[in-house]
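Q: Which chain is which? The protein sequence lines are A, B and C, in order.
Counting from 1, one number per residue, gives the positions in the first sequence under our numbering.
Counting from 1, one number per residue, gives the positions in the second sequence under our numbering.
Counting from 1, one number per residue, gives the positions in the third sequence under our numbering.
Please keep in mind that the hints were generated in silico from the structure rather than gathered at the bench.
Incorrect hints may have been included.
Just the calculated beta-carbon pair ranges, DEER-fashion [claimed, not checked]:
1. A/Lys132 / C/Gln142: 43 to 49 Å
2. B/Arg115 / C/Met313: 22 to 28 Å
3. B/Asp75 / C/Glu451: 40 to 46 Å
4. C/Ile79 / B/Arg115: 52 to 58 Å
5. A/Thr106 / C/Glu288: 54 to 60 Å
6. A/Ser5 / C/Met313: 50 to 56 Å
7. C/Pro152 / A/Lys54: 29 to 35 Å
8. C/Asn535 / A/Arg127: 53 to 59 Å
9. B/Arg115 / C/Tyr90: 42 to 48 Å
10. A/Ser55 / C/Gly611: 40 to 46 Å
11. B/Asp75 / C/Gly611: 49 to 55 Å
Note that CB positions come from ideal geometry on N, CA and C, so glycine has one too.
As a plain string of letters, each chain reads:
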Amino acid sequence: MLEISGLNSFYGKAHILNDLGFTVSRGEVVALLGRNGAGKTTTMKSIMQLVRPKSGKVTFDGKDITAMPSHKVARFGLGYVPEERRIFTDLTILENLEVGRQAKRTDAPSWTVDALFELFPNLSERRHNRGKALSGGEQQMLTIARTLMGNPKLLLLDEPSEGIAPVIVEQMAKTILRFKQEGLTVIISEQNLHFARIVADRAIIIESGEKKFDGTFADLEKQPEIRDAYLSV
Amino acid sequence: MTAVLKVENLVKTFGGVKAVAGVSFEVAPGELKALIGPNGAGKSTCFNMLMGQLKPTSGKVYLNGENITGRPPRDIWRRGVGRTFQITGTYQSMTVAENVQMALMSHHRKLFAVRPYAYKLYRDEALALLDVVGMADQADRACAILAYGDLKRLELAIALANEPTLLLMDEPTAGMAPRERINLMQLTADIVRDRGVSVLFTEHDMDVVFAHAHHIMVLNRGELIADGTASEVRNNPQVQEVYLGGGTLYEQETADA
Amino acid sequence: MGLFVAQLLTGLANAAALFLVASGLSLIFGVTRIVNFAHGSLYMLGAYFGVTLMHMLPGVFGFWGSILLSGLIVGLIGIVIEICVLRPVYRAPELFQLVATFGVILVIQDLTLMIWGAEDQLGPRAPGLKSVVRILGEPVPQYDLALIAITPVILLGLWWLIAKTRVGILVRAATQDREMVGALGVNQSWLFTGVFFLGSMLAGLGGAIQLPKGGADLLMDLNIIAAVFVVVVIGGMGSIPGAFVAAVLISVLNVFGVSYLPQSTLVLMYVVMAVVLLVRPYGLFGREEKAGEHGQVGEPERPIRPAGMRGRMLVAALLAALALVPLFGGNFTQVLITDILIFCLFAASLQFMLSTGGLVSFGHAAYFGGGAYAAALLVTYAGSPMELAFLFAPLAAGLLAIIFGWFCIRLSGVYFAMLTLAFSQLVWSLVFQWYDVTGGDDGLVNIWPAEWLSGTTAFYYFTLIVGVGGIILLRHLTHAPLGYTLRATRDSARQAEATGINVKRVQWVAFATAGAMAGLAGGLFVFSKGSIFPNELEIGKSFDALIVVFLGGVKTLSGGVVGAAFMESAKDWLTRLEYWRLVLGLVIIGVVIIAPDGIVGTLRKVSERVGLRRSEEFMK
Numbered sequence: 001m002l003e004i005s006g007l008n009s010f011y012g013k014a015h016i017l018n019d020l021g022f023t024v025s026r027g028e029v030v031a032l033l034g035r036n037g038a039g040k041t042t043t044m045k046s047i048m049q050l051v052r053p054k055s056g057k058v059t060f061d062g063k064d065i066t067a068m069p070s071h072k073v074a075r076f077g078l079g080y081v082p083e084e085r086r087i088f089t090d091l092t093i094l095e096n097l098e099v100g101r102q103a104k105r106t107d108a109p110s111w112t113v114d115a116l117f118e119l120f121p122n123l124s125e126r127r128h129n130r131g132k133a134l135s136g137g138e139q140q141m142l143t144i145a146r147t148l149m150g151n152p153k154l155l156l157l158d159e160p161s162e163g164i165a166p167v168i169v170e171q172m173a174k175t176i177l178r179f180k181q182e183g184l185t186v187i188i189s190e191q192n193l194h195f196a197r198i199v200a201d202r203a204i205i206i207e208s209g210e211k212k213f214d215g216t217f218a219d220l221e222k223q224p225e226i227r228d229a230y231l232s233v
Numbered sequence: 001m002t003a004v005l006k007v008e009n010l011v012k013t014f015g016g017v018k019a020v021a022g023v024s025f026e027v028a029p030g031e032l033k034a035l036i037g038p039n040g041a042g043k044s045t046c047f048n049m050l051m052g053q054l055k056p057t058s059g060k061v062y063l064n065g066e067n068i069t070g071r072p073p074r075d076i077w078r079r080g081v082g083r084t085f086q087i088t089g090t091y092q093s094m095t096v097a098e099n100v101q102m103a104l105m106s107h108h109r110k111l112f113a114v115r116p117y118a119y120k121l122y123r124d125e126a127l128a129l130l131d132v133v134g135m136a137d138q139a140d141r142a143c144a145i146l147a148y149g150d151l152k153r154l155e156l157a158i159a160l161a162n163e164p165t166l167l168l169m170d171e172p173t174a175g176m177a178p179r180e181r182i183n184l185m186q187l188t189a190d191i192v193r194d195r196g197v198s199v200l201f202t203e204h205d206m207d208v209v210f211a212h213a214h215h216i217m218v219l220n221r222g223e224l225i226a227d228g229t230a231s232e233v234r235n236n237p238q239v240q241e242v243y244l245g246g247g248t249l250y251e252q253e254t255a256d257a
Numbered sequence: 001m002g003l004f005v006a007q008l009l010t011g012l013a014n015a016a017a018l019f020l021v022a023s024g025l026s027l028i029f030g031v032t033r034i035v036n037f038a039h040g041s042l043y044m045l046g047a048y049f050g051v052t053l054m055h056m057l058p059g060v061f062g063f064w065g066s067i068l069l070s071g072l073i074v075g076l077i078g079i080v081i082e083i084c085v086l087r088p089v090y091r092a093p094e095l096f097q098l099v100a101t102f103g104v105i106l107v108i109q110d111l112t113l114m115i116w117g118a119e120d121q122l123g124p125r126a127p128g129l130k131s132v133v134r135i136l137g138e139p140v141p142q143y144d145l146a147l148i149a150i151t152p153v154i155l156l157g158l159w160w161l162i163a164k165t166r167v168g169i170l171v172r173a174a175t176q177d178r179e180m181v182g183a184l185g186v187n188q189s190w191l192f193t194g195v196f197f198l199g200s201m202l203a204g205l206g207g208a209i210q211l212p213k214g215g216a217d218l219l220m221d222l223n224i225i226a227a228v229f230v231v232v233v234i235g236g237m238g239s240i241p242g243a244f245v246a247a248v249l250i251s252v253l254n255v256f257g258v259s260y261l262p263q264s265t266l267v268l269m270y271v272v273m274a275v276v277l278l279v280r281p282y283g284l285f286g287r288e289e290k291a292g293e294h295g296q297v298g299e300p301e302r303p304i305r306p307a308g309m310r311g312r313m314l315v316a317a318l319l320a321a322l323a324l325v326p327l328f329g330g331n332f333t334q335v336l337i338t339d340i341l342i343f344c345l346f347a348a349s350l351q352f353m354l355s356t357g358g359l360v361s362f363g364h365a366a367y368f369g370g371g372a373y374a375a376a377l378l379v380t381y382a383g384s385p386m387e388l389a390f391l392f393a394p395l396a397a398g399l400l401a402i403i404f405g406w407f408c409i410r411l412s413g414v415y416f417a418m419l420t421l422a423f424s425q426l427v428w429s430l431v432f433q434w435y436d437v438t439g440g441d442d443g444l445v446n447i448w449p450a451e452w453l454s455g456t457t458a459f460y461y462f463t464l465i466v467g468v469g470g471i472i473l474l475r476h477l478t479h480a481p482l483g484y485t486l487r488a489t490r491d492s493a494r495q496a497e498a499t500g501i502n503v504k505r506v507q508w509v510a511f512a513t514a515g516a517m518a519g520l521a522g523g524l525f526v527f528s529k530g531s532i533f534p535n536e537l538e539i540g541k542s543f544d545a546l547i548v549v550f551l552g553g554v555k556t557l558s559g560g561v562v563g564a565a566f567m568e569s570a571k572d573w574l575t576r577l578e579y580w581r582l583v584l585g586l587v588i589i590g591v592v593i594i595a596p597d598g599i600v601g602t603l604r605k606v607s608e609r610v611g612l613r614r615s616e617e618f619m620k
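The whole structure should be built from the sequences, with the hints applied where relevant.
A: In structure tokens, the structure reads:
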């Protein structure tokens with residue numbers, strides 16, 4: 001469904017992604033692992049074309065989306081949930097959801113405001129509250145809900161567990177597993193290996209913008225040297 | 001022995017809502033203490049009151065027996081409280097050494113001097129502090145090109161510049177990789193041991209908390225619901241319910257500190 | 001009572017145009033975070049297009065149609081400006097955007113002159129609304145009543161658009177995080193262009209709708225922009241209702257001011273603003289602005305070191321060459337270089353607070369002109385000797401900066417800039433209107449240097465020593481602990497405050513230092529010219545300084561001096577052209593887009609690239 005090949009991305013002069021390539025199949029949950037600064041966020045931003053790759057190709061559903069403007073990438077069915085959450089703090093929850101609203105599509109689960117409120121009951125209670133009145137966990141739910149309003153085919157979740165209480169992270173794990181049941185394809189970037197192992201089918205380890213490992217968590221367990229070198233738990 | 005930090009019934013309300021609802025605790029000399037809790041529990045508000053960014057609605061904060069409630073941050077710093085930020089706040093346009101020199105200039109009250117060249121002042125002292133955090137070899141690099149983990153270490157060196165008796169660290173390992181986290185906390189523990197500094201820190205990574213904190217406090221909805229050792233806190237049913245959850249997300253086997 | 005009501009109504013009617021322009025400015029600022037200095041120019045264009053269209057289209061429909069059409073045309077011009085000038089600089093620091101819009105002002109000024117000529121245009125009167133209505137016995141023009149009715153309708157329409165529609169929600173979301181809005185599938189480029197269209201259209205409407213009361217002339221752009229800034233600052237940046245309330249407040253105040261305090265109409269406006277900001281630092285309806293909240297990217301500034309041996313030799317050689325100029329150069333060259341040196345010192349003083357301190361002042365002319373006037377007043381009224389008066393210039397300017405600075409440093413970012421502008425306008429209007437003391441427009445004349453400094457060459461050397469001395473002093477301060485402390489407050493106020501630095505006090509000291517040094521330049525200026533006029537206190541003078549710092553390179557230490565030298569020399573031949581503003585405006589816009597590092601920054605980069613200069617070791 002998503003195919004990345006030979007991706008090179010820069011921030012200013014810093015070479016962040018180095019010939020990165022991997023594929024994701026429909027219905028899969030893939031975890032991008034690696035230490036801070038390894039290039040996980042840049043990978044996500046490069047897929048969304050928020051960072052323009054210098055070279056390489058991103059193909060989604062058979063279509064080349066490299067160098068497309070980000071809003072077209074989003075309309076094409078890629079939903080991006082950024083690391084810093086970036087909810088619109090001056091807008092109410094309902095208005096935040098409205099910003100994310102896009103037309104339905106036939107080949108992806110469709111979401112309505114009501115369905116999302118059912119999924120995240122906390123948000124429902126506070127639908128007229130402004131974003132800035134929400135707690136960190138609620139903000140994280142809102143940012144996911146907002147992206148789902150675009151009815152994406154593939155969801156990119158950047159470090160969803162960062163800075164969230166363990167008890168909320170556990171709920172989030174359940175939510176992500178539910179997305180998977182609905183047929184959504186998900187890529188999450190994570191530093192918390194415990195969490196990644198619960199939700200993802202496959203792990204991709206990135207270090208210095210290069211792919212160092214691509215396989216199941218069972219395979220990863222068998223290669224402790226890789227785990228220790230790049231994840232160092 | 002008197003407590004380094006003593007907090008008495010601290011309260012902060014925002015528009016009628018109690019963000020911090022009567023919190024009392026102490027930090028003993030040489031203690032490494034963690035403050036944990038769900039987002040929005042009041043940790044940041046609490047920290048900001050300790051450091052003077054926010055004025056408490058009521059309650060008292062004592063530092064080494066002296067009442068410092070409601071004083072501005074720069075005053076509290078001068079009384080021996082260093083701090084590091086969740087999002088690093090370093091001087092991007094200066095070198096690593098100059099960042100520390102800046103804090104030393106402040107410590108020695110040379111901020112408004114107009115005669116000497118600043119880059120020459122207190123350089124040796126700065127290098128010594130950078131050595132403590134293992135950054136001496138990067139002293140003359142521009143701060144703007146440092147890796148994130150190095151920025152965190154630099155901030156720690158800055159926080160040590162006024163020979164503090166207490167360090168307040170707001171989510172010191174946020175945004176760091178697991179190994180960097182362990183290294184930074186090990187470094188902090190060494191500083192506590194070697195310099196007799198007390199540390200109070202907030203943290204979300206339970207592996208870090210359980211591995212390093214001598215005592216742990218749990219804040220929920222503005223109130224302390226637990227204050228004890230790692231095993232006491234871990235086995236507290238209320239803490240499990242509001243914060244820790246089923247325990248799938250942190251190492252189970254970590255020994256109690 | 002009748003007169004009172006009539007005056008109130010006149011004030012309300014006058015508020016219409018002011019509100020339209022201010023709401024447009026506010027709207028654009030709210031979304032793009034750009035303070036569009038060229039908004040007054042769009043207002044002026046609206047007026048000119050309105051006059052032309054009204055002559056072509058007769059009758060009631062023609063009149064109102066012309067107003068709408070003018071708004072549309074100006075809106076389209078706004079789109080052109082947005083796409084050509086602002087899109088390339090959205091991600092640049094605030095100052096770059098401001099300078100770019102200032103370039104637009106210059107371009108529009110000359111284009112208007114080219115198309116419509118220098119003569120003022122009389123505004124046609126509104127068909128069907130030409131007479132007056134008697135209210136409580138006083139005559140009130142019918143057109144005024146029409147304006148009073150129209151303004152709230154526009155306010156309501158704008159409120160509905162922003163608060164209730166999907167477009168409004170998207171606009172508000174984009175105000176906060178445009179990249180995120182894009183990542184959610186919204187074409188935010190067009191959203192921005194749309195907002196710019198709407199904001200420009202409002203300015204154009206404002207220009208056309210005031211025609212029956214005013215007219216169209218080439219000064220109306222800068223005349224209204226100062227008032228609009230006051231309105232927007234009082235109301236709160238980005239707040240449309242705030243713009244309305246403040247526009248009414250200022251207009252009504254103006255009408256009453258004209259009747260009861262005719263000598264202080266201009267001053268009054270700024271006094272009101274200062275009072276409002278004292279009570280509510282972010283305006284009546286404004287929100288606190290956090291500087292740097294909107295993700296400005298750009299290369300980080302590099303660590304600094306005092307000039308090395310080579311640099312010092314170079315400066316020494318240059319000074320030696322300047323010292324030899326009177327031996328070879330004539331009077332004209334010496335006067336030109338004197339002017340350049342004075343301007344260099346003025347620019348260097350601004351650069352100290354702007355680059356090192358991150359304090360972007362829009363009103364630095366207040367201290368330059370303030371120092372000059374202080375010296376001139378002392379000579380005129382106390383007959384004091386030149387030496388004493390000259391020393392008084394930096395003292396008085398420094399004192400002025402201490403007073404104004406106390407207010408200004410309480411704010412940051414755009415609000416800080418606006419307040420500095422307002423204070424400089426306060427000084428200007430005071431000088432301009434207090435004819436008995438300052439001579440108003442006629443200025444103060446016969447302010448000549450002492451015997452031993454009379455003659456071009458003597459004063460040339462005096463300027464060389466004082467000017468260069470001042471520049472070197474400022475530069476040394478930058479390298480001293482004070483300069484480092486200032487840079488620390490700029491880089492991270494939070495860290496500075498948490499390590500014992502009293503951020504506001506440091507900024508205050510920097511503000512006062514920069515003010516005093518500008519006053520020193522002003523002192524040199526007044527004695528070199530023998531006279532001083534209010535135009536040395538105008539907005540334009542403050543902008544000149546901003547522009548040269550920018551041209552030279554904001555992120556450098558010598559940018560201000562180099563930029564000032566370059567600009568002052570270039571102006572000498574540039575002003576001989578008929579449409580020099582157009583050329584200058586285009587150059588400014590070009591520099592902003594193509595070489596944002598400025599002259600010094602670009603030279604540094606180029607020399608690094610070709611290997612002439614090693615990349616500094618800090619960056620490895």
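Q: Give a verdict on every hint.
A: Hints versus structure:
1. A/Lys132 / C/Gln142: 43 to 49 Å: For A/Lys132 and C/Gln142 the Cβ distance comes to about 48 Å; the hint holds.
2. B/Arg115 / C/Met313: 22 to 28 Å: With a Cβ separation near 24 Å, B/Arg115 and C/Met313 satisfy 22 to 28 Å, so the hint holds.
3. B/Asp75 / C/Glu451: 40 to 46 Å: 55 Å, violated
4. C/Ile79 / B/Arg115: 52 to 58 Å: With Cβ atoms ~55 Å apart, the hint holds.
5. A/Thr106 / C/Glu288: 54 to 60 Å: Since A/Thr106 and C/Glu288 have Cβ atoms about 46 Å apart, the given range 54 to 60 Å is violated.
6. A/Ser5 / C/Met313: 50 to 56 Å: Holds, since A/Ser5 and C/Met313 (Cβ atoms, about 55 Å apart) stay within the stated range.
7. C/Pro152 / A/Lys54: 29 to 35 Å: 54 Å, violated
8. C/Asn535 / A/Arg127: 53 to 59 Å: 57 Å, holds
9. B/Arg115 / C/Tyr90: 42 to 48 Å: 43 Å, holds
10. A/Ser55 / C/Gly611: 40 to 46 Å: 27 Å, violated
11. B/Asp75 / C/Gly611: 49 to 55 Å: 51 Å, holds
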